[in-house]
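Peer 1: With these hints in hand, go ahead and build the complete structure from the sequences.
Residue numbers are given in the numbering used here: position 132 of the sequence shown equals residue 132, and the series is strictly consecutive.
Rather than coming from a laboratory, the hints here were simulated on the basis of the structure.
None of the values given here were measured: they were computed from a predicted structure.
One thing to keep in mind: the hints can contain errors.
To be verified - Distance condition first, Cα-Cα at most 25 Å in a straight line; then the derived DSS-like pairs of lysine-lysine:
| no. | residue 1 | residue 2 |
| --- | --- | --- |
| 1 | Lys20 | Lys155 |
| 2 | Lys6 | Lys20 |
| 3 | Lys6 | Lys171 |
| 4 | Lys31 | Lys174 |
| 5 | Lys174 | Lys6 |
Claimed, not checked - What follows is a list of derived Cβ distance ranges for each label pair:
| no. | residue 1 | residue 2 | range |
| --- | --- | --- | --- |
| 6 | Val142 | Lys6 | 20 to 28 Å |
| 7 | Glu21 | Asp98 | 33 to 41 Å |
| 8 | Arg78 | Glu21 | 40 to 48 Å |
Beta carbons are placed, not taken as given, at the ideal position from N, Cα and C, and that holds for glycine.
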Amino acid sequence: MPDDYKDLLASVDAWYRSVKEAHPAEVPCSKGCRECCIGLFDVSLADRDLLREGLAQADSAVRKDIEARAAALVERLREVDPDLGDTLDGMSPDAIDDLCDEVGDVECPVLGREGECRLYSHRPLTCRMSGVPVVDLNGRPVYPEGCAKCTLKPKDTPRLDCDRVSRRERKILKARYPGDSGITLFIAQALRP
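Peer 2: Shown next, in the form of structure tokens:
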């Protein structure tokens, strides 16, 4: 994974730590909590590569389990939408939302038996921003709600320069994936063998 993307992820991790440190009672995130890991999440091609890098480094049994769970979830998605490809390219946001609604609440294939993220150091950008309200520098809630366990209110959340994060991500994606920089895919699609 290129250093520029790792630097972007590190900056978001630093923001998240600042939120958790400033509001420990309201942000009870800890290893084993799976509140943010339920549902279908679309990720970028850079996140796909990051996940695959982590998967390649995982223990063989863990890798096989994640791949099997990802393949089963993709199969379930294709039962609902037989035209689903290897990515979400060409699908409208409404079609993606409809697919997510129809499939319902599903666990991320990376979750372990104890609710731990088995590829934690290789988790996507969206995972690094989940669980707490995300508020931009102007005080505008970008994602106003955290998980069910988070009681932090948007007005109290440390601000994130969301525009800068988005600009940096777009620049990295355009440089690394010319012509395909806007393509996204579900985590399960990224991890299936």
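Peer 1: With reference to the structure, classify each hint as holding or not holding.
Peer 2: Status of each hint after checking the structure:
no.: 1; hint: Lys20 - Lys155; result: 15 Å, holds
no.: 2; hint: Lys6 - Lys20; result: 21 Å, holds
no.: 3; hint: Lys6 - Lys171; result: 14 Å, holds
no.: 4; hint: Lys31 - Lys174; result: 34 Å, violated
no.: 5; hint: Lys174 - Lys6; result: 16 Å, holds
no.: 6; hint: Val142 - Lys6: 20 to 28 Å; result: 23 Å, holds
no.: 7; hint: Glu21 - Asp98: 33 to 41 Å; result: 39 Å, holds
no.: 8; hint: Arg78 - Glu21: 40 to 48 Å; result: 42 Å, holds
The structure fails to meet hint 4 from the earlier list, while all remaining hints are met.
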